[in-house]
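When you get a sec, could you build the whole thing from the sequences and use the hints?
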Amino acid sequence: MKVKRITKDIILKNGKIIDPYNQKIFKGDLWIKNGVVAGVGDFALPKSSGMQTIDCTNKIITHGFCDLHVHFREPGDDDKETLQTGAYAALAGGFTRVCVMPNTKPPIDSPESVNFINQKAKNLPIHIHPIGAVTKNQDGKYLTEMRLMSKEGAVAFSDDGLPIQDGAVMRMALEYSKLLDIPIINHAEDECLRAEGLMNEGKVSTHLGLAGNPDLAESMMVQRDLELAEFTGAKLHVPHVSSKKAVNHIKRMKSKYKNISAEVTPHHLFFNDEDLMGYNTNMKVAPPIRMEDDRKALIQGIKNGIIDCIATDHAPHKAEEKETTFDLASFGMIGLESCFGAVNKILIKENKMKIEHLINLLTINPRNIMGFQNDLFSLGAVAEIVVLDTNLEWIFSREHIESKSINSPYIGKTLKGKVVHTISRDFVTNLT
Amino acid sequence: MLSQKHFLSLKGYIKEDIDKILETAFQFREVLDRPIKKVPSLQGVTIVNLFFENSTRTRISFELAQKRLSADTVNFSASSSSLKKGESFKDTAQNIMAMKIDAVVMRHPTPGSPKLLAEFIDATIINAGDGTHEHPTQAILDMMSLKEKFGNLRGLKVGIIGDISHSRVARSNIYGLLIMGAEVTVCGPPNLIPRYINDLGVKVNFNLNEVIEWADALNILRIQKERMGRSLVPSVREYRSAFGITLDRLKSHKKEIVIMHPGPMNRGVEIDGAIADSDQAIILNQVLNGVASRMAILFLLCGGQPTEMVEK
Ligand SMILES: [Zn+2]
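Protein chains in written order, with this note's numbering: chain A, 193 to 624; chain B, 108 to 419.
These aren't lab readings, by the way, just hints derived from the structure by calculation.
Treat the numbers as computed from the prediction; the structure is a model and nothing was measured.
Yeah, the Cβ is synthetic: ideal placement off N, Cα and C, and Gly gets one too.
It is possible that some hints are incorrect.
Claimed, not checked - Going by beta-carbon spacing under 8 Å, a handful of chain B positions derived as facing chain A:
id : residue
1  : Thr217
2  : Glu241
3  : Arg302
4  : Ile304
Right, dumping it as structure tokens:
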């Protein structure tokens with residue numbers, strides 16, 4: 193992938209413009225001048241020479257994607273990923289804005305560490321927002337300085353990777369967060385029920401002899417969090433929903449309490465546990481990839497609005513951490529570069545959803561959850577734009593990976609739909 | 108000689124291949140009854156016994172099978188190797204391969220590791236037990252022992268008794284027996300029977316007395332001592348009260364039922380010593396058949412020719 197700093201005006205010509213903020217779809221052009229939007233749809237083209245025109249015939253022009261859940265491993269594990277390499281992986285996937293999880297070494301659990309991320313990220317091509325830890329050292333016991341961290345730019349709080357087991361701590365975190373009106377995100381897994389589970393407990397784990405992680409390890413924790421959110425009146429965001437049971441709990445709670453949102457990963461939509469039959473460690477993730485019935489429920493949850501957005505849970509690991517026996521392999525897969533081709537294939541091609549609905553899940557919905565700028569086609573908005581070819585079928589391979597790690601089970605899989613260009617701040621991809 | 112290069116799992120195995128292994132095993136069983144119990148079938152073949160987990164019996168059985176076939180063997184066990192120094196599984200595998208090995212017999216605590224080994228190296232891999240997944244050579248010797256006793260496996264009713272969740276013996280026996288046309292019922296504490304076990308094609312019955320009435324043979328699994336006292340098995344007497352193969356229990360049934368045990372036994376726990384030593388137990392036949400079965404598997408996978416087999 194080529195990334196270039198924009199030096200001239202760019203005209204995206206003759207595309208299908210999908211504007212998720214105004215919920216409008218129209219044919220037209222888009223003009224970017226000095227890294228900001230200068231014209232959308234019908235406008236008088238500037239006469240100046242030296243503009244770069246990109247033909248967008250049969251392409252979609254829409255907001256840059258926003259991912260609420262990535263792990264860029266900095267500080268501490270920069271041999272897996274850095275903010276810089278993560279930013280390039282994001283660009284390759286059409287993401288112009290991401291939230292990084294705080295489970296780094298050390299964790300992002302102080303205003304100083306929030307500031308560290310912001311300083312390191314400020315000149316990168318995409319917007320990177322730190323999520324702060326809920327508890328100091330992510331040990332599930334004492335709340336962090338949420339207000340000070342929020343003032344430094346933490347956009348949400350999570351101990352992701354480590355579930356907050358203690359219900360009283362979760363209650364305190366939710367209550368305290370009302371001071372800031374930003375969401376708490378709990379990696380919902382009951383550690384006792386999960387036990388040593390390495391994959392979803394089901395038929396496949398029974399055949400493979402691998403210790404199972406039952407769906408109710410997730411759903412019971414989700415239910416606890418939902419009730420605590422309702423009880424406290426705080427904002428809860430449920431990450432990487434993986435089970436039918438959890439979708440049903442969220443559905444019920446949403447009918448009476450509104451301050452809840454939920455995300456799903458591309459891999460929980462794309463794969464089911466049958467794909468683990470060969471003990472593929474790249475499919476070892478937390479929460480685990482579940483059964484076909486769960487996968488269908490997640491798709492249905494998206495269709496009826498129970499699930500608000502798609503988040504990749506991009507989790508880079510070194511090759512040797514995956515090239516080992518199943519018990520020792522690390523949990524997680526990378527997911528930014530393959531995201532659009534995977535979800536477009538599943539939701540649009542196979543499940544007949546409308547493209548504008550999918551685009552909401554990748555753009556305005558996640559931005560609304562975090563309160564980010566969402567009217568990105570207004571004149572003067574800093575460029576966060578993506579050009580998509582939704583019809584292209586392609587085989588995902590190593591060369592498409594920009595991440596420092598290659599732990600992707602999509603390698604060799606046919607995807608549908610591809611990000612052609614990403615324009616973010618004053619950077620553009622794949623422009624010659 | 109067999110459809111698959113490796114011997115990793117009996118799931119989806121072809122019936123004809125199992126037939127061939129059993130038939131060959133019975134021929135080797137005759138060799139074992141001869142005064143000179145050695146054939147030159149695998150002369151020049153080098154086999155490594157790679158044991159990441161202690162298992163004296165299985166290792167000795169394989170070693171003996173290899174010696175009877177005149178193969179060259181090397182033993183490699185985790186405690187004596189560089190594994191303790193943190194060498195990765197992949198490095199260990201590649202090191203062994205660099206030494207020009209024809210086959211590896213591996214015991215490993217993690218399900219799926221023999222398959223991973225097969226991805227890393229070129230040699231023929233034989234699974235000697237991978238954690239709670241499978242122990243396919245054990246299933247072959249169990250089926251051989253049943254066939255020896257009953258003549259045929261089709262229609263045979265076999266009960267597998269004990270901790271099914273953590274049993275590699277159970278899984279391989281279930282796959283193998285069902286392929287051969289037998290019926291299988293599993294019986295044990297409900298919390299030690301996987302929730303999705305029906306998908307393997309077996310019946311579940313928690314009532315041991317009913318299973319005894321139904322079955323022709325019982326395969327008694329070893330109850331791991333480390334599961335005692337945890338929430339899995341409350342106590343020995345509690346376990347025995349429901350699932351112990353006790354003298355009293357068998358006496359109360361007016362039928363002669365064949366008893367198997369993969370060993371090592373906990374006498375007085377899952378099985379009474381008096382039963383284990385009785386005529387209805389075929390436990391020692393299993394041990395001898397274990398050598399013959401492993402000879403057959405090694406012979407068929409490591410390039411032996413049928414004519415060489417009967418040479419003296
Ligand atoms: Zn998580």
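Structure-based check of each hint:
no., hint, in the structure
1, Thr217, "4 Å, holds"
2, Glu241, "7 Å, holds"
3, Arg302, "7 Å, holds"
4, Ile304, "6 Å, holds"
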